[in-house]
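This is what each chain is made of:
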Amino acid sequence: MTTILGLYNYWIVIGLMMAGLYVVISRGNLIKKVIGLNVFQTSVILFYVSMGKVKGGTAPILSDEFQVYSNPLPHVLMLTAIVVGVATTAVALALVVRIKEAYDSIEEDEILEQDPTS
Amino acid sequence: MIEQNLPALPIVIPILCAPLAVLLGRKTLVWPLALLAAWSTFLVCCLLLARVLETGTIRYYLGNWAPPFGIEFRIDLLNAYVLPLVSGIGAVVMTYAPKSLAREVPESRHGHLYATYLLCLTGLLGMTITGDAFNVFVFLEISSLSMYGMVSMGPDRRALLAAFRYLILGTIGGTFFLIGVGLLYMLTGTLNMADLAERLPAVGDNRTVLAGFAFLTVGLGLKIALFPLHSWLPNAYAYAPSAVTSFLAATATKVSIYVVLRFLFTIAGVGTLIDRTVLVDLLQTLALLGIFVASTVAIFQVNIKRMLAYSSIAQVGYIVLGISFVSHTGLTGALVHVFNHALMKGGLFMTLGCVAYRTGTVDLDDLRGLGRRMPWTMMAFVLGGLGMIGVPLTAGFISKWYLVLAAIESGRAWIAVALLLSSLLAVIYIWRVVEVAYFQKPSGHPDSGTPKGEAPWQMLVPTWVMIGATLYFGIHTDLTVGVAKQAVSQLLGGVP
Numbered sequence: 001m002t003t004i005l006g007l008y009n010y011w012i013v014i015g016l017m018m019a020g021l022y023v024v025i026s027r028g029n030l031i032k033k034v035i036g037l038n039v040f041q042t043s044v045i046l047f048y049v050s051m052g053k054v055k056g057g058t059a060p061i062l063s064d065e066f067q068v069y070s071n072p073l074p075h076v077l078m079l080t081a082i083v084v085g086v087a088t089t090a091v092a093l094a095l096v097v098r099i100k101e102a103y104d105s106i107e108e109d110e111i112l113e114q115d116p117t118s
Numbered sequence: 001m002i003e004q005n006l007p008a009l010p011i012v013i014p015i016l017c018a019p020l021a022v023l024l025g026r027k028t029l030v031w032p033l034a035l036l037a038a039w040s041t042f043l044v045c046c047l048l049l050a051r052v053l054e055t056g057t058i059r060y061y062l063g064n065w066a067p068p069f070g071i072e073f074r075i076d077l078l079n080a081y082v083l084p085l086v087s088g089i090g091a092v093v094m095t096y097a098p099k100s101l102a103r104e105v106p107e108s109r110h111g112h113l114y115a116t117y118l119l120c121l122t123g124l125l126g127m128t129i130t131g132d133a134f135n136v137f138v139f140l141e142i143s144s145l146s147m148y149g150m151v152s153m154g155p156d157r158r159a160l161l162a163a164f165r166y167l168i169l170g171t172i173g174g175t176f177f178l179i180g181v182g183l184l185y186m187l188t189g190t191l192n193m194a195d196l197a198e199r200l201p202a203v204g205d206n207r208t209v210l211a212g213f214a215f216l217t218v219g220l221g222l223k224i225a226l227f228p229l230h231s232w233l234p235n236a237y238a239y240a241p242s243a244v245t246s247f248l249a250a251t252a253t254k255v256s257i258y259v260v261l262r263f264l265f266t267i268a269g270v271g272t273l274i275d276r277t278v279l280v281d282l283l284q285t286l287a288l289l290g291i292f293v294a295s296t297v298a299i300f301q302v303n304i305k306r307m308l309a310y311s312s313i314a315q316v317g318y319i320v321l322g323i324s325f326v327s328h329t330g331l332t333g334a335l336v337h338v339f340n341h342a343l344m345k346g347g348l349f350m351t352l353g354c355v356a357y358r359t360g361t362v363d364l365d366d367l368r369g370l371g372r373r374m375p376w377t378m379m380a381f382v383l384g385g386l387g388m389i390g391v392p393l394t395a396g397f398i399s400k401w402y403l404v405l406a407a408i409e410s411g412r413a414w415i416a417v418a419l420l421l422s423s424l425l426a427v428i429y430i431w432r433v434v435e436v437a438y439f440q441k442p443s444g445h446p447d448s449g450t451p452k453g454e455a456p457w458q459m460l461v462p463t464w465v466m467i468g469a470t471l472y473f474g475i476h477t478d479l480t481v482g483v484a485k486q487a488v489s490q491l492l493g494g495v496p
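These protein sequence lines map, in sequence, to chains X and Z.
Following my numbering, the numbering of the first sequence begins with 1 at its first residue and continues without gaps.
Following my numbering, the numbering of the second sequence begins with 1 at its first residue and continues without gaps.
The hints are simulated quantities; they were obtained by calculation from the structure and are not laboratory data.
There's no promise every hint is true.
[To be verified] Partial chain X-side listing against chain Z, Cβ under 10 Å, derived:
1) 18
2) 19
3) 24
4) 30
5) 33
6) 40
7) 41
8) 54
9) 73
10) 77
11) 94
For each residue, glycine too, the CB sits at the ideal point set by N, CA and C.
Kindly produce the complete structure, drawing on both the sequences and the hints.
See below:
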C-alpha cells in the first residue's frame, strides 16, 4: 500500500509520461503529436519538481521562523526545461504551419499519400 | 584576459555572432561574419587542445562560481580531441556553404540559416566542453532545435516532414536524457560530472541508478541514431540543404557519442554498471545488427544522399561496437573512427553538394557519365568512398584496423570476420555510384539548361580540404591515434 500511495507523485508522472508518448505514437494529426509531446515533457517537469519537495518544507527564504526548506535547485532547473519546452513547441508549430502550406493538410497519412517516398 | 578565458570562447563567439547575423539580415556581410566566427572558434579550439596536451586538464569556472554551485567547464584530453574536430568541420563547411545554398535555399533565408548554423555550433561545442550534466541537456537542446530549423530549409517540401519527425524523436531523446539526469541527481544530489562520478559508487547497485542509465542510454541512442532508433536520420539527411547535411552528418551524432562515452566511462566508470549489466552486450548486438542492416539498405537506395545517410547509421554501429569492447584498443578504435568518419562523411556529402549544384539532383540515374563531366568532384567522391570501405592509406583503414584488433583481443574473432564482411557491403554501395559515374554514357536528354562542368572552386576547395584531410590522417596518425590513446587511458583510469 505504501508503494502505491506513498509514491503517488511518481505514479502521476509515469501516467502522464505514458499518455503523452502514446499520443505522440498513435495519432496521425501533427498538432495532436505536438500536444502529446508537451504532455510528455510536462511529466518530466512534475518529476523534478516533486523530487525537490521536502515534507513540511517551505520556500528557501531566509527567516528565523523556518528551519526546513525544499530544495530549490530542481525547481530552477525546470525553469530552463520549461523554456526549452516552449521553444520546442514553437519550432514544432512553425513546422506544422509550413507543412500545412506545402501539403494543405496536417494529417500524416494524407501527407504521405502526396509524397510516398518520404 | 583572453588567455584566461579561452575555454569560454568556443561558446561565446558563435552565440554572440548568431543574433548579429540575424540583425544583419540579408546584407552581404552576414556570411563573412559567420565565416569569421567559425574560423576563430576553430582557432580557439586548437589552442585549447595544445594547452591540454601541454599542461593537462583545464578547469574553468563560469562567472568564477566554483562547483558545486557554479557550472564548470572541464576540458580533458577527450573533449579537447572532439572540440577541434567539430569546430574545424564547422569552419570548412561554412566556407563551402554560400555557393551551395545559393542553389538550394532562397536568398532571403540565408541570414537565418547562418544564424542557426552558428547556434548549432554553439550547442555542439557546449555539449562537448561542459562538465555539468544538466548543462549538457541545455546545449543538446540548443543544437537540436537549430538542427530542426536548418533541416526544414531544404529545397524539397519533404524536408518539412523530415524536420518534424526529427523534432519529435529528437525531443523524446532529449527528454529521456533529462529523466536520466534527474534520477542520477536524486541519488547523488549533484549535477557536476566529476562529483557524480565520485558519489555514484557510494550509492551502490540501486535500481534507480539502473533506471537512470537506461533512460540516458535510450535518449542518447536516439541522438546518435543507434540502429533501431535511427528512423529520423535518413530523411533528415536526404532532404536538408547539402551544406547542412555535410555539417550535421559530420558532427551531430559524433558529439552525442562523446556524451555517451562521458556518461558510461567517466561517470559510471569501468567495473561498475558496465561490467555488471547486459548494457555492453546489448550495445554490441545492436551495433552489429546496425552495421549489416543499414549497409544492406544503403545498397538499394536511389537517392545517393539517402544512401550515405544509411551508411552513416552503419558507421555509428562501428563506433558503438568499438565502445562495447570496453578495452583500450576498442575505445581507441571508436574515438579514431569518430574523427575519421566525421571527415569522410563530411567530405562525401560535400561532393554530393557539388553534384547537386550542377545537376540539381543526386539520384543515381542523374549521375551517368559524371566522372567525365565533373572529374574533380567525382575523384573526391571516389577517394572518400575508398575511406568508407577502409582501403589502406585512407583514414578509414586506420580506425577499422583498431576495431579488428580489438575484436581479436577480446577473443571474439567472428566479430573481426563480420567487420571485414561488412566492408564488402560498403564496396557494393560505393561501387554502384562509381559504375554509374564512370562507366555509363551521360543521359541523352540535355538537362534543362543548367550549365555543365565542374562545380565552382569555392565549393571544390573546401571539399578537397576535407577529402585531403582523410588522406593525410590515413598516413599521419600521430594526432588522431596518439591523442585518442591518451584520452582512452584517461577514460579508463576513472575521473579525469
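Can you list which hints this structure breaks, lowest number first? Those not satisfied are hints 1, 2 and 8.
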